[in-house]
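Visitor: Let the sequences and hints guide you as you build the complete structure.
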Amino acid sequence: MFIQIEPTSDIPIYTQLANQVIELIARGQLQGGDTLPSVRALASDLSVNMHTVNKSYHELEHKGIIRIVPKSGAVINPIVQDGITSDNRRRIIEQIKPILAESLVLGMDPEEIQKLVSSILTHLKEE
Amino acid sequence: MSLAIFLVTLAFMIVLQSAMPFLLKRTLVFGVTIPEKFAMDPSLASYRRRFSSIIFMTGIIAFIAFLVWSTTTHATEEQLVWIGLAIQSGLLLLSMALYLYFHAKTTELKQTNKWGTSLKQIRVADLQSHAKDAMLPSSMYVLPILVTIGLVIYTVTQYSLLPDMIPTHWGANGQPDAFSPKTPFSSIALLIILLVMQVMMLGINIATKQSGIKLNSSKKKSSQIQQLAFRKYTSWFLLMTTILLTILFGFLQLTTIHVGFQNVSLMMGLPLGFLLIILISSAVYAFKVGQGGSRIAVSVAEEENIGVTHEDNDAHWKLGVFYVNKQDPTIFVEKRFGVGWSINFGNPIGYLIIFVPLLLILLVAFFV
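Heads up: the protein sequence lines correspond to chains A and B, in order.
Using our numbering, count along the first sequence one by one with no gaps and you end on 127.
Using our numbering, count along the second sequence one by one with no gaps and you end on 368.
A hint or two may mislead.
[Claimed, not checked] Mimicking BS3-like on lysine-lysine, the simulated pairs with C-alpha atoms at most 27 angstroms apart in a straight line are:
| hint | chain 1 | residue 1 | chain 2 | residue 2 |
| --- | --- | --- | --- | --- |
| 1 | B | LYS120 | A | LYS55 |
| 2 | A | LYS125 | A | LYS115 |
| 3 | A | LYS71 | B | LYS209 |
| 4 | A | LYS125 | B | LYS219 |
| 5 | B | LYS114 | A | LYS71 |
| 6 | B | LYS105 | B | LYS221 |
| 7 | B | LYS209 | B | LYS120 |
| 8 | B | LYS232 | B | LYS209 |
| 9 | B | LYS326 | B | LYS37 |
| 10 | B | LYS219 | B | LYS209 |
| 11 | B | LYS288 | B | LYS37 |
| 12 | B | LYS318 | B | LYS37 |
| 13 | B | LYS220 | A | LYS55 |
| 14 | B | LYS221 | B | LYS335 |
| 15 | B | LYS37 | B | LYS182 |
| 16 | B | LYS232 | B | LYS219 |
| 17 | A | LYS55 | B | LYS132 |
| 18 | B | LYS114 | B | LYS335 |
| 19 | B | LYS288 | B | LYS132 |
| 20 | B | LYS114 | B | LYS220 |
| 21 | B | LYS221 | A | LYS125 |
| 22 | A | LYS125 | B | LYS326 |
| 23 | B | LYS37 | B | LYS209 |
| 24 | B | LYS326 | B | LYS209 |
| 25 | A | LYS55 | B | LYS209 |
| 26 | B | LYS182 | B | LYS318 |
| 27 | B | LYS288 | B | LYS182 |
| 28 | B | LYS326 | A | LYS55 |
[Said to hold, decoys possible] Here are some chain A residues the structure puts well away from chain B; computed CB gaps all over 10 angstroms:
| hint | residue |
| --- | --- |
| 29 | ASP10 |
| 30 | PRO37 |
| 31 | ASP45 |
| 32 | ILE68 |
| 33 | VAL80 |
| 34 | SER118 |
Hints are computed from structural coordinates only; laboratory data are not their basis.
Don't be surprised by glycine CBs; every beta carbon is placed ideally from N, CA and C.
Guide: What follows is the structure, encoded as structure tokens:
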């Protein structure tokens, strides 16, 4: 179960890390109850500061994707089955909206955007 | 006897030093990261060959000169030791100077050819790496420590049997040649040194386990298998060294307590056997495992990752040999030029594990 980061990217490393973990969960490679490596182990493997990994884990915890359990570490929460909460929905809309607006401004037409979204979704589901 | 020891270690050094460029990963040339597809560049191949042949030729000439000189003239033991040491350090210095020269040449070649500048650099890690790690448990390193503590207790109970002068140094023939007056401290000084070394080995094992499993992002699966094998074999090698040290030091301590144990051939053979086992096993280790397990054959299909390459990390490797990265919590890192581990000079814990025990050993040796 590999994750990869790009140190020179504009996206901060802790966000890249959180995104990679979320993607692994969406693909079903990480499942509810699985644990993530300790902060020290992952930071050493990726040669990054422990604060970076810690920040990433706390962001995931804040979003409700993992829970941090004393002694067992970071444990993945099962994928939510009974629908998204209104708070989370609001946050997602807030994040998607500027990206969609930017796509329109940069010349994508709505149909193309819809196609792109469904192709990404099939890609995530296929493994 | 000294002559044989010097010749064997010298031969060993010549072989290992001259073979060095070929024991390393293809993508690490004289401490510089080279992208996979340029690794077999003809200029790099000629650098590797030149390094090896210069070391090998000089080494052989020095070896023969040393042999001829020592057999034709009636050199004293002391002269033999000094000349032998001078030749060995000279060979090491030559190898360092050549390394620096070719490190500079390779860096220059990488810059002028702009190798890898068009590729996006990425780092990868496996979330399950540490669960697959097969290094020996640290409890194995505690067992020899218990043996030493047992020997300390035994020495205390046999204190009256000890001679008035305690041996503190042994010559090449295995016989003691320096002594200190008997005191409670000098009677167990040897065991204290052993204990410090055993604790250091334990510390190294713990710190290595915590160190990062760094994967090559262009060959993530095979590099993981090689890394894990490298970690496993290094921990075996380290434990073997610890056990040999315990046997050797324990035996010397027992011969001090019970004069009857003093068997001339055993006292001569044990340190020599010890030296031979260490030399042979490190050669086998270097040739079989190689840098980061690079000589372990792996056949797994790798998915091609086009347009990306492994992060070169050259900026963190000062002169290509000293890893300094304050961000990285890793204590030990794989060597870039050589087979084995080096310390992250950006992390003070590494200094503690290595230099404090050495200082303690020097102190004990000085005050005995």
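Visitor: Take a quick look at whether LYS219 (chain B) and LYS209 (chain B) sit within 27 angstroms of each other, Cα to Cα.
Guide: holds (22 angstroms)
Visitor: So if I understand the rule, the pair passes when the alpha-carbon distance is 27 angstroms or less; does LYS120 (chain B) with LYS55 (chain A) pass?
Guide: holds (25 angstroms)
Visitor: Holds or violated: LYS105 (chain B) with LYS221 (chain B), Cα cutoff 27 angstroms?
Guide: violated (31 angstroms)
Visitor: CA of LYS71 (chain A) to CA of LYS209 (chain B), is that 27 angstroms or under?
Guide: holds (19 angstroms)
Visitor: Does the alpha-carbon distance linking LYS318 (chain B) and LYS37 (chain B) stay inside the 27 angstroms limit?
Guide: holds (24 angstroms)
Visitor: Going straight from one Cα to the other, do LYS326 (chain B) and LYS209 (chain B) come out at no more than 27 angstroms?
Guide: holds (19 angstroms)
Visitor: Please verify that the nearest CB of chain B lies beyond 10 angstroms from ASP10 (chain A)'s CB.
Guide: Since the minimum Cβ distance to chain B is about 13 angstroms, ASP10 (chain A) lies beyond 10 angstroms and the statement holds.
Visitor: Check the hint pairing LYS221 (chain B) with LYS335 (chain B) against an upper bound of 27 angstroms on the C-alpha distance.
Guide: holds (20 angstroms)
Visitor: For the pair we were handed, LYS288 (chain B) and LYS182 (chain B), check the Cα-Cα distance against 27 angstroms.
Guide: Distance of about 47 angstroms is beyond 27 angstroms: violated.
Visitor: With a cut-off of 27 angstroms on the C-alpha distance, tell me whether LYS326 (chain B) and LYS55 (chain A) pass.
Guide: Roughly 18 angstroms separates the two Cα atoms, so the pair holds.
Visitor: Check the hint pairing LYS209 (chain B) with LYS120 (chain B) against an upper bound of 27 angstroms on the C-alpha distance.
Guide: It is violated: about 30 angstroms lies between the C-alpha atoms, which goes past 27 angstroms.
Visitor: VAL80 (chain A) clear of chain B by more than 10 angstroms, beta carbon to beta carbon?
Guide: Per Cβ check, VAL80 (chain A) is outside 10 angstroms of chain B; nearest 22 angstroms; holds.
Of the numbered hints stated above, those contradicted by the structure are hints 5, 6, 7, 9, 15, 22, 23, 26, 27, 30, 31, listed in ascending order.
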